[in-house]
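J.: One-letter residues, chain by chain:
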Amino acid sequence: MSGAPCRLAALGQVSALGRTRADVYARLCAGDASRLTLDSERVPERSLWLGEVREPLPAIPAPLARFACRNNQLALAALEPIAAEVQAAVARFGPARVGVVVGTSTSGVGDAEAAIAHRERTGVLAHEFFYDQLEFGGLARFVAEAIGAKGPAYTLSTACSSGGRALASARALVALRACDAVVSGAADSLCGLTTNGFAALGALSAAVTNPCSANRDGLTLGEAGALFLVTGEPGGIQLLGVGDSSEAHHMSAPDPEGRGAETAMRDALADAGVAAAEIAYVNLHGTGTPQNDVMEAAAVARVLGTNVPCSSTKPLVGHTLGAAGAIEAAFCWLVLAERHGDALALPPHVWDGARDPALAPIHLVAKGEVARVGARALVMTNSFGFGGNNCTLVLGASDSR
Amino acid sequence: MKASLLRWAAWAPGIDSSAAWEAWAKAPLPLPATGSPEAKFLPAMLRRRCTPLTRTMLSAAFACAEPAELAQLRTVFASRHGSINESIGLLENVVRREKLSPATFSHTVHNAQAGLFSIAAGNRAASSSLAAQEDTWTAAFLEALAFLERDPRAPVLVVVGDVPLAETFAPLVEEAAVPYAFAAQLAAPGAGPGVELELVPARDSAPAAAPWPPALEFLRWWLSGESQLEQRNRASVARWRKVDPG
Numbered sequence: 002m003s004g005a006p007c008r009l010a011a012l013g014q015v016s017a018l019g020r021t022r023a024d025v026y027a028r029l030c031a032g033d034a035s036r037l038t039l040d041s042e043r044v045p046e047r048s049l050w051l052g053e054v055r056e057p058l059p060a061i062p063a064p065l066a067r068f069a070c071r072n073n074q075l076a077l078a079a080l081e082p083i084a085a086e087v088q089a090a091v092a093r094f095g096p097a098r099v100g101v102v103v104g105t106s107t108s109g110v111g112d113a114e115a116a117i118a119h120r121e122r123t124g125v126l127a128h129e130f131f132y133d134q135l136e137f138g139g140l141a142r143f144v145a146e147a148i149g150a151k152g153p154a155y156t157l158s159t160a161c162s163s164g165g166r167a168l169a170s171a172r173a174l175v176a177l178r179a180c181d182a183v184v185s186g187a188a189d190s191l192c193g194l195t196t197n198g199f200a201a202l203g204a205l206s207a208a209v210t211n212p213c214s215a216n217r218d219g220l221t222l223g224e225a226g227a228l229f230l231v232t233g234e235p236g237g238i239q240l241l242g243v244g245d246s247s248e249a250h251h252m253s254a255p256d257p258e259g260r261g262a263e264t265a266m267r268d269a270l271a272d273a274g275v276a277a278a279e280i281a282y283v284n285l286h287g288t289g290t291p292q293n294d295v296m297e298a299a300a301v302a303r304v305l306g307t308n309v310p311c312s313s314t315k316p317l318v319g320h321t322l323g324a325a326g327a328i329e330a331a332f333c334w335l336v337l338a339e340r341h342g343d344a345l346a347l348p349p350h351v352w353d354g355a356r357d358p359a360l361a362p363i364h365l366v367a368k369g370e371v372a373r374v375g376a377r378a379l380v381m382t383n384s385f386g387f388g389g390n391n392c393t394l395v396l397g398a399s400d401s402r
Numbered sequence: 144m145k146a147s148l149l150r151w152a153a154w155a156p157g158i159d160s161s162a163a164w165e166a167w168a169k170a171p172l173p174l175p176a177t178g179s180p181e182a183k184f185l186p187a188m189l190r191r192r193c194t195p196l197t198r199t200m201l202s203a204a205f206a207c208a209e210p211a212e213l214a215q216l217r218t219v220f221a222s223r224h225g226s227i228n229e230s231i232g233l234l235e236n237v238v239r240r241e242k243l244s245p246a247t248f249s250h251t252v253h254n255a256q257a258g259l260f261s262i263a264a265g266n267r268a269a270s271s272s273l274a275a276q277e278d279t280w281t282a283a284f285l286e287a288l289a290f291l292e293r294d295p296r297a298p299v300l301v302v303v304g305d306v307p308l309a310e311t312f313a314p315l316v317e318e319a320a321v322p323y324a325f326a327a328q329l330a331a332p333g334a335g336p337g338v339e340l341e342l343v344p345a346r347d348s349a350p351a352a353a354p355w356p357p358a359l360e361f362l363r364w365w366l367s368g369e370s371q372l373e374q375r376n377r378a379s380v381a382r383w384r385k386v387d388p389g
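These protein sequence lines map, in sequence, to chains A and B. FYI, in our numbering the residues of the first sequence are 2 to 402. FYI, in our numbering the residues of the second sequence are 144 to 389.
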């Protein structure tokens, strides 16, 4: 463990909550679940709520047409607000010292569906289809080309923990001095493969997802992009700790005891060198599936107790899969960035309020709830993925920034 | 950027022992384009859920550590294509508006090999899965260094592998399309024979496909008497050097 500074120096994001910092923060703290939409096209014979990004996305620049796909458009939308900071980093450190570590679970597979559909009709793939559009590594290469970075660039894909894991590796590459700055985060796009795949697993909620409720019946899918400029500078908002684990249990269900989640949270606290009592807010993985919420609540209660304010923001944007760890770190970043003195306005837990007696009695954030923090504010975010891959991050901001 | 390479293992059709790889490295020939290991070390229940890629990568992984280590090592799994061949069938289901197989869907995540390794080895340690086009092997090495930076006390098992792309996408990619996997235990410098990586940006466009995958070119070099290797990837040039321990 280096203990070296790791500054999340700038953030761009796009999700169902919007693209501008002001819009996203206002809707996040209001618990605005009105951004989800009901879709009846994607999965045969059923309708489902989705956290779709409905506003127009930037077009892929012509020289990068080989990478054209919705997933990369989400990444580009997340890059736009931080373009000046990223360009300044490339100029300051040199292109070879700027890396890219990004997560996705979909890459351009949504656009590959169109190519396969074209083949079904005509016998050949759409001729404008490139493998760069589809492959997982294409996201990192696209971001690197878009910003002119020539350092290491790779895509992490550990299902729903991809985004958190990307930030963990970006921090390590900076500490290793392999890079002076890394653009890191994730992008994940709604597509027929994930909507139909989760439908086949019986994992989708009939109504909007209702995490921690006795009435919860599954998750709501969404899409998002969130990219940070990560540097080795002190101050500002820091990525203080990372914890991660595997489950050795099942490909698509968590260990019911939450042992893997517990390890990730404990290791993140130890890595950050902070006590459990210092955590002011936990952004839960909180998918709204029966299995996730019961094991996560139990793990949170064991590691942090039942007083720490917790919420799932998935009822606002959906489960954005490979981007979840990054967009939820983005929400935590906003919460810290908008701190006023000792007051930390928290994203509410939006649900029906029907507490499940089978769940550990963790404290779920009410609308308008504000946490009081001391000289430094610390928050935690969890992401747990298929294949039994868990990642927890601890972010913090100090008065001395 | 330095690490120790404590142990390695690799699998390709017909080349599945260290002696066979030593012989290949002395007189390397292009590798067979088809074949996959049986992976009999896996319980039958689990083996049934393994794709050819999973059996290939897990064969190299299990040959690269003692049973007790397999349950403890942090892991990096790297594959350019991952489970894309299995995803094609699911995409056809989607396009035809057919029901998807839930088991197939949950086994086509890019970290399927890592997940099944964790289950088979009883491993609860940190694990990463990645892809980086033609730069996948060097990215895997770097990701292992990232784990070592976070905790240098324990080695990391890095496993890289692929199988040839199915015909739907194969014409779109120029590469040595062979089934293979390479695994290495990497540790902090000083723990064993040393290897140093210097990455510099590539100056021109992508090179012609090499006769075998970059990870196996690395293995060929590691087993040779050559002190340095320069590998041209898509976006970077990897300069490898052997360094004395300590």
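Bear in mind the hints are in silico, worked out from the structure with no lab data behind them. Ideal Cβ positions, reconstructed from N, Cα and C, are used throughout, including at glycine. Check before you lean on any hint, since a few could be wrong.
[Unchecked claim] Quick list of simulated restraints, FRET-style, between CB atoms:
(1) B:Ala166 - A:Ala60: 36 to 44 angstroms
(2) A:Ala66 - B:Pro186: 30 to 38 angstroms
(3) B:Leu315 - A:Ala359: 33 to 41 angstroms
(4) A:Glu258 - B:Pro186: 18 to 26 angstroms
(5) B:Glu339 - A:Pro291: 33 to 41 angstroms
(6) A:Ala60 - B:Glu310: 41 to 49 angstroms
(7) B:Glu165 - A:Ala359: 37 to 45 angstroms
[To be verified] Below, a sample of chain A positions facing chain B; criterion: calculated Cβ distance under 7 angstroms:
(8) Pro45
(9) Arg47
(10) His128
(11) Tyr132
(12) Arg142
(13) Gly149
(14) Pro235
(15) Gly389
J.: Are the hints correct? Go through all of them and say.
T.: Checked hints:
no. : hint                                    : verdict
1   : B:Ala166 - A:Ala60: 36 to 44 angstroms  : 53 angstroms, violated
2   : A:Ala66 - B:Pro186: 30 to 38 angstroms  : 47 angstroms, violated
3   : B:Leu315 - A:Ala359: 33 to 41 angstroms : 49 angstroms, violated
4   : A:Glu258 - B:Pro186: 18 to 26 angstroms : 22 angstroms, holds
5   : B:Glu339 - A:Pro291: 33 to 41 angstroms : 50 angstroms, violated
6   : A:Ala60 - B:Glu310: 41 to 49 angstroms  : 32 angstroms, violated
7   : B:Glu165 - A:Ala359: 37 to 45 angstroms : 57 angstroms, violated
8   : Pro45                                   : 5 angstroms, holds
9   : Arg47                                   : 11 angstroms, violated
10  : His128                                  : 11 angstroms, violated
11  : Tyr132                                  : 4 angstroms, holds
12  : Arg142                                  : 6 angstroms, holds
13  : Gly149                                  : 11 angstroms, violated
14  : Pro235                                  : 18 angstroms, violated
15  : Gly389                                  : 6 angstroms, holds
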